[in-house]
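Chains as they are written, first to last, in my numbering: chain V, 183 to 663; chain A, 183 to 663.
Treat the hints with care, as some may be off.
Just some of the chain V residues that point at chain A, by a computed CB distance under 7 angstroms [unchecked claim]:
| hint | residue |
| --- | --- |
| 1 | Gly279 |
| 2 | Leu360 |
| 3 | Asp438 |
Cβ pair distances, simulated, as ranges [to be verified]:
| hint | chain 1 | residue 1 | chain 2 | residue 2 | range |
| --- | --- | --- | --- | --- | --- |
| 4 | V | Glu425 | A | Pro437 | 40 to 48 angstroms |
| 5 | A | Lys188 | V | Leu356 | 28 to 36 angstroms |
| 6 | V | Ala624 | A | Asn566 | 51 to 59 angstroms |
| 7 | A | Pro437 | V | His363 | 31 to 39 angstroms |
| 8 | A | Pro184 | V | His363 | 34 to 42 angstroms |
| 9 | V | Glu425 | A | Asn553 | 37 to 45 angstroms |
With a Cα cut of at most 20 angstroms, we get these calculated DMTMM-like pairs of lysine to aspartate or glutamate [said to hold, decoys possible]:
| hint | chain 1 | residue 1 | chain 2 | residue 2 |
| --- | --- | --- | --- | --- |
| 10 | V | Lys583 | A | Glu659 |
| 11 | V | Lys329 | V | Glu385 |
| 12 | V | Lys655 | A | Glu474 |
| 13 | A | Lys648 | V | Glu596 |
| 14 | A | Lys648 | V | Glu659 |
| 15 | V | Lys332 | A | Asp430 |
| 16 | V | Lys329 | A | Asp430 |
| 17 | A | Lys261 | A | Asp185 |
| 18 | V | Lys648 | A | Glu596 |
| 19 | A | Lys440 | V | Asp281 |
| 20 | V | Lys655 | A | Glu659 |
| 21 | A | Lys440 | V | Glu385 |
Simulated from the structure, these hints should not be mistaken for lab results. All of these numbers come straight from a predicted model, not from anything done at the bench. Every residue gets a Cβ at the ideal spot worked out from N, C-alpha and C, and that includes glycine.
2 protein chains.
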Amino acid sequence: TPDEFKETYQEFVINGWNSVPFSPEYEGQGLPWLVSSAVSEMWSGANMAFALCPLLTQGSVELLSAHGSDQQKEFYLKKLISGEWTGTMCLTEPNAGSDVGAVATKAIKDGDCYRISGQKIFITYGEHDFTENIVHMVLARTEDAPKGAKGISLFIVPKFLSDGSRNDVKALSLEHKLGIHASPTAVMSFGDEDGAVGYLVGEESQGLKYMFTMMNNARLAVGIEGVALAENSCQQATEYAQERRQWDTPIAEFPDVKRMLLTMRANADSMRVLGLYIAKAIDLANNHADEEVRQKNNAIVQILIPVFKAHATDLGFEMSSLAVQVFGGVGYIEETGIAQNLRDSRIAMIYEGTNGIQAMDLVGRKITLENGGLFDVLILDMQNLYKNSAYKDLLDEYLEKIVATTKIIQQNQEQAAHSSTPYLKMLGIFIGAVMLAKSADAAKNAGSLSEEFVANKLGITEFYMKNLLPQVKYFVEIIGG
Amino acid sequence: TPDEFKETYQEFVINGWNSVPFSPEYEGQGLPWLVSSAVSEMWSGANMAFALCPLLTQGSVELLSAHGSDQQKEFYLKKLISGEWTGTMCLTEPNAGSDVGAVATKAIKDGDCYRISGQKIFITYGEHDFTENIVHMVLARTEDAPKGAKGISLFIVPKFLSDGSRNDVKALSLEHKLGIHASPTAVMSFGDEDGAVGYLVGEESQGLKYMFTMMNNARLAVGIEGVALAENSCQQATEYAQERRQWDTPIAEFPDVKRMLLTMRANADSMRVLGLYIAKAIDLANNHADEEVRQKNNAIVQILIPVFKAHATDLGFEMSSLAVQVFGGVGYIEETGIAQNLRDSRIAMIYEGTNGIQAMDLVGRKITLENGGLFDVLILDMQNLYKNSAYKDLLDEYLEKIVATTKIIQQNQEQAAHSSTPYLKMLGIFIGAVMLAKSADAAKNAGSLSEEFVANKLGITEFYMKNLLPQVKYFVEIIGG
């Protein structure tokens, strides 16, 4: 990591940014995910490589909060929440990428603990000098465990043990990556000597199930990285286009550059609203007093997470590429800085479940769950969101096509597999329109916003409806065809 | 450049690859651009950074062939064609990017020659150690020349003068770029001391006009870089997907991966055929005995060059990104090699006229030239190409929409400016379909091809018609709307 990161991390934790959404019981701030998600966008937008470190700690906190013993919570949670220690997620192995069930790392029982041995790859912040200890959350297979996904358990493997001795875990190398250069991605080796000491979380063979606990929030956070990079790209490109002159005119005034800037603005805004909408639904699903409200919001989260993770990260990358185009030749020069967005944003389409895996989750699971009940909840919710919008009729027309296309997919799983990505894009673009329609509506009726702000919001929404939303019909056609 | 490049370049020229399309009068091989373009794809696909060096020499050869004096031709052409020397194009300055007319570099007459002073940026292979001399083709402004584009002249500024002395031109620095790392991109300074010696090409104030001589071939070559990177990406991703297993199955068998591989294959194939079709039209426009055939082919070249340059380079980048996605996590690691395609391919959308400039050239100029006559020639030609295809009816339907949309654009230049890029994409995707329809047709009727090859060709064409061609309707809608 850059020299400045260690100090920056200290400021980050001292100022409380690490503990925003976590339980006050362990000295977290107990703020809603809605607030935490808005904060996350700013950190990822400022520096995605830096922001990855607390993001991985977040995953560890969630796993331990949900499944750790009281003793584990007491010992690890406070230090992870305060940021005194950081966490990692050790899932991937050379032969276990999308197929996490193929994990081969071994865990052999040894008294109260286990001895872990094996190799993990792509471990974000697997090694660094920010903190005195690093807490690895490791998936491994116990002796005589069932084959495949069912035989995997979850372990805590700290870099240093509670007696201060070094555990048998080390980073073998750091990857040379396309982007997020400042984020150390390690190959981690466990048990080169006696076996790394690991502490079982919860029960044996429940590791993958536990992982799902933190998956929604992790995927939300990665989608927000997409929003953050789209936003940062939009801001950089807009500033440059206003300053750079050709033919004695700021290039921002050329229609084709305008088109690019508006595309960035509309996509960043729509995906921001969607991310926050999901964050709010997570809060309601977790905490609302009414069981029915919790269930409804849980359905919305389940179905929107894969859509948001994939579509927002696709857009994060595409908008970064558009920004490079606005910069032209200087955009290709690394010192300019915008090329970094292109490189950084690309990983978000791959990690935390590739966007293809998200599409499989959507069509193969989410839209068929409860006989399509989750999808029905989503549709009612979307209708409710845009019912007072100026675009109600337009969105109704689109909704009808989307419902019909979804029926095809629900009834034919072979067709579903072939159309998974187009289907996800179709839904993502439509839902982006609903989010903008709702927020334009809200801006118009707020009363407290400047005329300029409202006019801008309406203009961006109109641009989206005319220029981006019609892509839905293309996807409808190729799925149906 | 890498150590190996100097030696590789020597082999390249000794084996005659530098001289393929040039005049036998100056020891070129006199082969058609059709052949040369097929050769170019292989070089760019093997290493885009290396292939850029002869590409810039090609531009110099064309400029001097068309506008140089006999003496200049005798002195420079043979050495540039043999590859003993290389050439550069010194157009861009910090304030003269897309607006080439803003060139500020000065040329002051000094006896038989001129003294050139100024700074040029983004000069590909502006300095290197492959050859003993480098011939810079420089745009500069003579004293009392008219302002803007009309006052620019073209000069030859060699690194070493004919008496062996060093000319007053040097590389100030090399850029640190997103990609094509092995291609040195220099900031060139002319006339830090006495003024660099420059020799006028042709007449004063004709510099930009001369540049247009080599522009079609240069833009064709950049489009071919797009094809080359799409092809290389497709090959690498296909090989990886056949080897990499998850859930005990090669990932190439998963429907979503299949979709990505077919998208790469269909786009690479369609753009290859289009590039070669344009190359053939250039040959016919230059050399056919019949004036009418020459004119018709010239019209086809004029209108297809911006479409091909922009659309094929967009696809080169997009297909490289798809290939990274097929590789997943390892695709993000630089050692894997596929991320290089993503980085390298990105520049082709920017240089040799950004893709936005291509779209402006298409809608603001090419489709209105001769009262839309060029467009009419293109349409007749396309109809003729697909008239025996199995997709005739389908393509007729699309053609009708395209003609109607073109009328809107031809009659309303403000609408044209706002829709330039969508219009170009619309045309590019449709013409890609025509190219595949024609080549499927040719494959079926060849008689000499294996059943497997023909079945493959038909399958790819069918995939394009069903999954990619319908994008045209989206662009039609947003242009008309």
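Okay, the hints, checked on the actual structure:
Against a cut-off of 7 angstroms between C-beta atoms, the interface hint on V:Gly279 holds, since the closest Cβ of chain A lies about 6 angstroms away. Nearest Cβ of chain A to the Cβ of V:Leu360: about 4 angstroms, under the 7 angstroms cut. The hint holds. Given the 7 angstroms rule on beta carbons, the hint for V:Asp438 holds: about 4 angstroms separates it from the nearest Cβ of chain A. At about 47 angstroms, the beta-carbon gap between V:Glu425 and A:Pro437 stays in the expected band of 40 to 48 angstroms.
Distance hint check: the CB atoms of A:Lys188 and V:Leu356 are about 32 angstroms apart, consistent with the given range 28 to 36 angstroms. Between V:Ala624 and A:Asn566 the CB atoms are about 55 angstroms apart, so this pair conforms to the stated range of 51 to 59 angstroms. Separation of A:Pro437 from V:His363 is about 34 angstroms and conforms to the stated range, judged on CB atoms against 31 to 39 angstroms. As the Cβ distance of A:Pro184 to V:His363 is approximately 22 angstroms, the hint placing it in 34 to 42 angstroms is violated.
Restraint check, V:Glu425 to A:Asn553: a C-beta distance of roughly 39 angstroms satisfies the suggested window 37 to 45 angstroms. Only pairs whose Cα atoms come within 20 angstroms are accepted, and V:Lys583 paired with A:Glu659 is accepted, the gap being roughly 17 angstroms. Annotation: proposed proximity of V:Lys329 to V:Glu385 holds, straight-line Cα distance about 17 angstroms (limit 20 angstroms). Taking the CA atoms of V:Lys655 and A:Glu474, the gap is near 43 angstroms; set against the 20 angstroms cutoff, the hint is violated.
With a C-alpha separation of about 17 angstroms, the suggested pairing of A:Lys648 with V:Glu596 holds against the 20 angstroms cut-off. Only pairs whose Cα atoms come within 20 angstroms are accepted, and A:Lys648 paired with V:Glu659 is accepted, the gap being roughly 9 angstroms. A C-alpha spacing of about 16 angstroms is found between V:Lys332 and A:Asp430, which places the hinted pair at or below 20 angstroms, so the restraint holds. Using a Cα cut-off of 20 angstroms, the hinted pair V:Lys329 and A:Asp430 holds, with the two alpha carbons roughly 13 angstroms apart.
With a C-alpha separation of about 23 angstroms, the suggested pair A:Lys261 and A:Asp185 falls outside the 20 angstroms cut-off, and the hint is violated. Taking the CA atoms of V:Lys648 and A:Glu596, the gap is about 17 angstroms. The hint holds against a cut of 20 angstroms. Simply put, A:Lys440 and V:Asp281 have alpha-carbon atoms about 18 angstroms apart, close enough for the 20 angstroms limit, and the pair holds. Of the pairs offered as hints, the one joining V:Lys655 and A:Glu659 holds, with about 10 angstroms between alpha carbons and a cut-off of 20 angstroms not exceeded.
Only pairs whose Cα atoms come within 20 angstroms are accepted, and A:Lys440 paired with V:Glu385 is rejected, the gap being roughly 39 angstroms.
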